[in-house]
Structure formats: structure tokens, C-alpha cells
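Below are the chains, spelled out letter by letter.
Protein chains: 4
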Amino acid sequence: MAAFVSFWSFRMRTFRLVIACPDGVGIVAKVSNFLATYNGWITEASHHSDNHNGWFFMRHEIRADSLPFDIDGFRQAFAPIAKQFSMEWRITDSEQKKRVVLMASRESHCLADLLHRWHSDELDCDIPCVISNHNDLRSMVEWHGIPFHHVPVNPLDKAPAFAEVTRLVREAGADVVVLARYMQILPPDLCQEFAQRVINIHHSFLPSFIGAKPYHQASLRGVKLIGATSHYVTEELDAGPIIEQDVVRISHRDSIEELVRLGKDVEKMVLARGLRYHLEDRVLVHNNKTVVFD
Amino acid sequence: MAAFVSFWSFRMRTFRLVIACPDGVGIVAKVSNFLATYNGWITEASHHSDNHNGWFFMRHEIRADSLPFDIDGFRQAFAPIAKQFSMEWRITDSEQKKRVVLMASRESHCLADLLHRWHSDELDCDIPCVISNHNDLRSMVEWHGIPFHHVPVNPLDKAPAFAEVTRLVREAGADVVVLARYMQILPPDLCQEFAQRVINIHHSFLPSFIGAKPYHQASLRGVKLIGATSHYVTEELDAGPIIEQDVVRISHRDSIEELVRLGKDVEKMVLARGLRYHLEDRVLVHNNKTVVFD
Amino acid sequence: MAAFVSFWSFRMRTFRLVIACPDGVGIVAKVSNFLATYNGWITEASHHSDNHNGWFFMRHEIRADSLPFDIDGFRQAFAPIAKQFSMEWRITDSEQKKRVVLMASRESHCLADLLHRWHSDELDCDIPCVISNHNDLRSMVEWHGIPFHHVPVNPLDKAPAFAEVTRLVREAGADVVVLARYMQILPPDLCQEFAQRVINIHHSFLPSFIGAKPYHQASLRGVKLIGATSHYVTEELDAGPIIEQDVVRISHRDSIEELVRLGKDVEKMVLARGLRYHLEDRVLVHNNKTVVFD
Amino acid sequence: MAAFVSFWSFRMRTFRLVIACPDGVGIVAKVSNFLATYNGWITEASHHSDNHNGWFFMRHEIRADSLPFDIDGFRQAFAPIAKQFSMEWRITDSEQKKRVVLMASRESHCLADLLHRWHSDELDCDIPCVISNHNDLRSMVEWHGIPFHHVPVNPLDKAPAFAEVTRLVREAGADVVVLARYMQILPPDLCQEFAQRVINIHHSFLPSFIGAKPYHQASLRGVKLIGATSHYVTEELDAGPIIEQDVVRISHRDSIEELVRLGKDVEKMVLARGLRYHLEDRVLVHNNKTVVFD
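Line by line, the protein sequences are chains V, U, H and F. Here full-length UniProt numbering is used: the first residue of the first sequence is 1, the next is one more, and so on. Here full-length UniProt numbering is used: the first residue of the second sequence is 1, the next is one more, and so on. Here full-length UniProt numbering is used: the first residue of the third sequence is 1, the next is one more, and so on. Here full-length UniProt numbering is used: the first residue of the fourth sequence is 1, the next is one more, and so on.
In isolation and in its complexed conformation, chain V is listed as follows (with noise of 0.2 Å):
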């Protein structure tokens, strides 16, 4: 066979215009129009009108090359169409890679997923550290070339702990932190400053079995199917906005051990694709529910 030649090399750069505003009509010709007058060449574009609370999602990506100004200047031209429609919008540029902190405990296969789609180009981002309330899992951090930080959560006492994970976070610049199985609960004040910035994965079908053990839960209740729910953190334990969920059948065979399991391959799939639209701007939130573009 002849060698794999990753095609990500050839990844087009783009720009990716993502607005959420109440709806109306004429959004559409006036952003299309604007592209269009700038010889904006559109290599994707997807809208969506929520008619029960009246409100506008869309999403562009375009070439970069085909817009006659860099980010800076696109936002200058862009902001009269905002303002008039009352946007909440950003663009950003598919080669200003976003940075991601992870974060795990003991069990590795989420975080080992996770790595290996980013060595193997398959996740389009910067990993500046991991860290960890364990120290298990730093040899196949760092053989992987990334800084791993150990950062012991005292459970009489975990202030100090969350001081120095907010430090580490701030100090990476993390454009988003992942929650690979990390296990304990952030507290409020860094959920409200990394808001719609922190994805945790559950490892149930939320809403059902919030909390503890939720294969326990699972196989107590005696449920056909189990799942995992990847989401954005909020204050409130397991209800933040759901960007995907999955599920994996079992039956009365499985034990809870089998659960475990099961779930895990559940669990890394529906991680990484929520990442994954999180990165290339697919995910827009509002109220607490979100709009994916994939």
C-alpha cells in the first residue's frame, strides 16, 4: 500500500462566521450579500430558525483566501450588520488553533482517546498541559510531549487545589478545558468564568442517573441500553447544555463491571465528537440547549 498521506496537510484555511441573533427576515441576504460583495467563497454555511422562542442560528465557513481582509478587518465590516440585527457573533480563523486543557484522574481512556486523535492530526488543536489530581497517568502524557501538571485535590480542603487549576488554566491560555473522566465537581466561581468554556463527559444517558456511579444506578434500574453525554459545565451538577449524546445496548448478562465497559468506548466517542464540534465552532448555546452544526 502506498504510505497514508494525512490529508489534514491540505486543510483549507478558513474563516468561520458563527451568529446567533432573533429572528427576522432579510439576515440571510444581508450576510450572504455581504460575503458575496467581497467575493466571499462559502464552503459551508447551515442556519436554523427556532420557531417556538424566535430565535437565529447560522453558521459560514469561508475561504480565507477569498476575503480581501484578514480577521481584523473582516470584523471592522462586519460589525454595522451585527449591531443592526442585534448579534451575538464572533468569527474566528481555522488556523489560530484552539487551546485545550485537559484534565483526568486515574482512568485513562478518555484522556488517551483524546491524545491520540491529537498526534495523529485528527484533532485540529493545541494541547498546552494536562492535568491531574493523580499522577497515574503522566508517562503517557508526557512521552506524548505534553507538559503534565499534578495537582493533588485535598477533600477537607480543596480550595487550594481549584486556586492552582485556575492558575494553570489562565497561565495556558485554554480557550476550552475537557473533563476527560476528571471526577470531581468545580466549584461555582470557575464555572461562571470558563462558562460555555469547560466540557465534561457524564457516563449516563443524562438526565438519567445524575451524580455518583451511574452504572450502578443503571444496572439497578434494570435499563436495555446505557450511554454517556458530553456537555458544557454549569453550576448545576450533570444539566448543562447537552453537545452529544450516544448510546450502547446490553443486556441482563452484563455486569456492572461489563458496564463499565461498554461504556467506556460510549464515553470516548461521545467526548471527542463534542470536542471536535466544539473546536471547528459548531456549537452554539441558548437557554441552556444547544444547536450543533455538524
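None of these hints come from the bench; they were simulated from the model. What you are looking at is a predicted structure, and each value in this text was computed from that prediction instead of being measured. Errors might be hidden in some of the hints.
Any copy, or any two copies together, can satisfy a pair, since identical chains are not distinguished.
[Stated by the list, open to error] Mimicking DSSO-like on lysine-lysine, the simulated pairs with C-alpha atoms at most 27 Å apart in a straight line are:
no.	residue 1	residue 2
1	289	83
2	289	213
3	30	83
4	97	289
5	158	213
6	289	98
The hints should help you fit chains U, H and F onto chain V, whose structure is shown.
Just chains U, H and F now, kept in the frame of chain V:
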């Protein structure tokens, strides 16, 4: 193409031996030995040891024509073994069709699905009658040659209606009652009289979204999959032993009306599979959970 | 529970603008601008650029009551834009129900499924008639108030039958013909006359197991999943553009008869979804492949 | 959260008795009786009668500490029964870890996945070495403490490379060889020497898209799902007994590069599941098909 010749006409007569008892060494040998002694031709055998609670489950399907006795003869011959191992057990004859009373309200999808499966010989049972609190589905039911009973439920005094329902179910000699989106909560005495013989379809992936309007609840929470659950009815709402579940992917584009539409297909499948398992004596209940030998 | 009030009664009248053309800058802007100029209220918009062959696909759904013209007025006003970009395009009116002729043989599952979806207002179309080469399903069809035509096919001389089928389809003013397990191969001239307007359900996951007895083929090969495919009929057997596919898991325990039974549910789903996409003008065909804006 | 204590440390030692033979009355009884005579504690039992070819399959898992003999003693004691029923059979000891030689090329996803599962104690086997025709994955393999052999394949004369591969596999005492996207076709003599002991992952839903570039073939045909297949290697390309398959939904939006990316996750899952079944002696091959007692 040549005409399709139903394979059901060649369905072989079998006895189904279903056993649950405390686990221990020698049960399988004893039962297998018993069957071999009488030259029983086993067409299907399933075992399950639940290590958590020390319980053992077993199901055999045996060609009736290979045995030297009828079902009563089997019962007598097997009784000593059952007693020795403190078995809860039953033996059923595949030619003794179970009698299934269907109950529905106004929505037709589950009822139409079950009636078609029955009509095309896919569900091996008798349907002595359909009971509904509305008259809407009468014509559809009667086209199938099945009696339709309209028993309106007075919301201010439901007792007379349920007395009539109970009378009809008894009169029909029902082995099992299927709530095919009946949308009324059965009174406790009915639940008790027909324990493990009333199958309900709930239009959510239990234990999420118990009670009314689960699709609205699902939409509000922003889940990415919706589901359905068939379960035995107990006095506690939507908390009985789960027989079968399934899900379907949804997205932000799907309004509640779309969830209702997509959910219908899952409901139909999950109810039909659950009923089939029950009819074929594949479901064993223990500790509010099911073993399903599919 | 309160009575279920069909949401379909509130279905809004929309125009659907469906476009395929060579890709280029400014198409979206031009179309959006056109719609905005006339205050068109876009309820759904979908784009796709196929980078491999440089083709662009677009579908808009627009509230009819927001536009100042009827569908003919729309056609006239839009024609210059369509010409400028060499568009293949159409505009349809959601209130102009498509006329669907169903064809079946002896097996009832797909036909019964579609009839029930139509009868319960889930499929938004008219069904002028059902044509079958056997008489078995007459009563079921006629109960729905739909004319049933029995057109036997003489295996030694099929031409007269297909002449009659063609006559009936034309007479019915069919927009689309659905082969709901019709089990006869249509002659080439019929395929040509109704190109991209005949939908077939094939009972395998194409391109595996083309032709006769796909479940037997699947069993022989020992696959672990079986599937079904809805596709537009072309002159080459089972090689037309695929609209929708799905699969179901099987195991060594499943005999061919079980495969047939399990497959039926997949066939029903895949055909119903494919037809729905077609009826809502969501399917665009290019290079023997489909773009499905679901 | 408390530290996760691996349940694998408590894995119980079992013997696995795997049998295939012509079907007949009394086999189950004889085997069960044998086990009961020696007080064998059965933790899992599976049977299958293939009615089409009259073959019977059986697998028992028995607690080793419940039996009065070791595995050789078992063999001697059981031999007469095996002979009586013309059984193909084997008995394996769960503590005798199977030796798995992994082969890969340049793509890392399947190899990394298997190595991580092994490293985190999810796959119960030894990995004596990894063989690759490229050097790219050496560092990843060696981090796991596993020897890495680089055996380049000269496209003009492959024989020397395969002679070396054969030598290495023999030297490693391999019970099973896994082609984790090795991308080279094994020569017939190697296929024969290791019949039913070489597992390949093919990146399509076989029998669709046999041979090279299946994702390109899938894109060209316009399928709506893509899949992967793990199977035993035979001399005929991609035609060996299928162990496991799965699929993932795609759409017109997905380029071939996206198919490759999405397919990787299916490949990993399907290969890992297939290997697990093999390691736990759950796969029985007959007539180029598998019985998988999962």
C-alpha cells in the same frame, strides 16, 4: 418472483420450559438429564447466572413431538426436580396461543402496528378484543375481525370504567394486556391482579422523563436522542421491570412535533419486540428487572 | 390524557425552492437577496458544495404567505437568476400534494406501513391508486378508500401487463411511483419515462446482495448486520441513486426466516423515510448519487 | 471520587470448553452431567443448533477451582464423551493468556487502540511483539514495553519479507495474529499455517467494497452508511469468516477524507470486539461462517 410462502405454517410445535431458582451446582445437569432421559430434542437453550444475587435463570425450547408425554405429563414428571431446587417454573405449549387484550386511546400507530403483525402472522397470539376509551379506532379494529369495546373514562369518577375494563379483560380470558398508548393510569387493584401480565409502552427512554408529555420534557432538556420503553406495569408509575428500549437520534432542527413523529416508530418497534419476547416466554422477572432470553 | 390534536392541521403553506448548478461565488447571495427583496420568510435553508465535482446544491423552504406572488409569479421572477447561474431548479408548493401510486405484490408490510402513515396524516400526499400483480391486498387497500388495480403479470409475456401499468400510472397523474416490494423488474421504457420518480425498496444493504433472495445471500455469507435500501429505479438492476439505508444486527441464532422478519422492519422504515424525503423535495440527484437535505 | 480499583484483578480463573459436532439428542445432557459429576460450577453456558446443516455448537465457562483436576486431567476425563459424539473441541484455561502478534503499517488508529486496551488491562492477552512494514509506529509500541520489528516489504519480491514475518510469528509463539490495518496481502502458505488464527480488519461492510480503497468505492456508490468488518483471513481476499461488523451513518456532506476519519472509529471498535471474542474462545467457525457466543 415466486409467491411468498409463509414460513409460519411450518412453525414447529415446542414446549417452553422456563425456570428461575437459587443458583447452585447441578441444576443444568439435572434438567438436561431429565430432557435426555425422555429423548427431548432441544431446539434452543439459554442460561443465566446472576452473580450479584445468586439467582439462576433457564429457558429450554423442546420439540413437542420428541417427548413421550403431553404438557400435563411433563408437569408431573418434572415436578420433583422443580421441588428439589425450589424452582419458580412454568412449561408452555407453543400451540396454546396466548390471549392478548389490546388497549388504546386515540393514537393509532402502536395499535395498527400490532394488528398488522398479528394479521400477517408475525405475532403468534389470539386477540380476543380491543378496549379503548375513545371510539376513533373502531373501524380499523373491526376490519381485522376483532371485537372493539368502547369504555369511556369519566375523569371525575374513573372507577366504573375500570370495573368494566376488568370485567372485559377477565371475560376475554386474557393472558396478557397490552397498553398500546392507552394513556390512562391503571388502578392499583388492576395492576395487582394482572402483575407481570400488563405491558405498557412509555414514550421516553426510562428512567428519563417519567409521566406526562415526555417529548416536551426531552425537547426542553435538549437531549440528542429520544427513546421508548416497554415495561411491565406496576403500581408505581413508569417504574416497572423494563423489557425493551430503543432510541433514535434527533437534532436541534426537530420540533416537538417532529419528536412525536420520530418517536412513534421507536414506540412501535419497542412495544412489538417486548410483546414478542413475552409471547415466546423469553422474559423472566426478578427484583424488578428482566432477564430476556432473545 | 387530553385528545391528541394533530399538528398537521397547522402545517404552514410553504414554497420549496430546489436548485442544483455549477458552483461559484455569489449564488447564495443572489438567491438570498432575491428572497429578501420580496420579504420571503425562510423557514429552512440548506446548502451543499460538492468539492469533488464542483457542483452546488441548495434548498429553501419559504412561507408562502410572506411572498407577494403565487408560484407562477415566483417562477417568472426567479427565471433570470436561474438562467444566469445555469441552474437546474424547481419550485413546489407544499399545498400541491404529490400523487403517489403504490405498487405491491403479495407481501403486505411495506404497503400497510405506508397506507397507515398516509391515513394518520403522517405522509403528506395523495394516493390515487394501488397496483398489484396479485389480488391478496385488495381488501386492505380498499378499506383505506383507495382504488386497487389487479394487473397480473404473465411471466411468458410481461409486455401487456406493463402497458397496462403504464396506462394506469399516467391516468393517475402520478408524481411518483413507489415499489413497495413489487418484486417485478420494470421494463427500460418505464424506467426512462419516470426517471427519478420511481422509488424502490431493496431488501439488502446495497451494493451487497443485488438481485434475488438477498436474505439468503446474507445468511450464506454470514454477515452480522442486514439492511435495506430505498433508491430511485434505473435501468440497471439495484444500481440507481440511493436515497436511504439502514441496518439491523443479527446473529448466528437467526435463521433465514428470522432475517426476513427482522428485515421487514428495516424495509418499512427505510422506504417510509425515503418517500418522505422525496415528497418534501429534499432529494437532489447528481451523478447517480443523492444529496438529501434532511 | 475514590480511586478506581480494576475489577480485572478479581477475574476468576475459568476453563472454557468449546465444542462443535453433529447435532443429536443427549449431547447437552452428557456434557452437563459430566460437569455436574465433578461439581463443575458453570458461570456461563451457550448452545446453538444450526438446523440448516445439522450442526451443534456449545461453550461452557467453568470455575477452575470447582473442578478436581487441572486442564490435562479435564482433557483425559472428557475425551471419551468427545469421541462418542465426534466432537471438534478444545478446553482452554483463562489464566493461560493467549499470545497476540500485532501487525500494522503506517496508520496508527487500530494499533493504538489495541495497545491501550491491553495496557489498561481490558484485553486479557500477552503481546510478544509488533511487526510492521514501516518504522513509523516504533516509538509508540516501544513506550508500551513491546518489541517492535520492522520488516520492510519489497513490492518486487515480497517472499523474503514474509519469510521473516513467518519466522517472527513462530518465534513469538503466537496464538493469534492481528492485522491492524497491515495493508499487505498475506501469502497463501501463511494463511494456511495460521488458519482461523489471523484476524483482519477490513474497512468496509463486507461483502461490499472488497479490495483496495473501500472508502473511495463507498463514496462513488453514494451509500448512506459505511462500515468495517473483522474476519479470519483465508486465501481468498476479504472472503473469510466474518466475526464482527458495524456501521456509521454518513451523508452527502462527508468527503472521502471524512469517511476515512469516521470509518476509523468503526474499524477500531469492530477489530477490538472481534479480537475479544477470539481471546475469550467465543468464536466457532463452520462452513466459512462464525458462531459468536457473546
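Would you pick out the hints that fail for this structure and give their numbers low to high?
-> none
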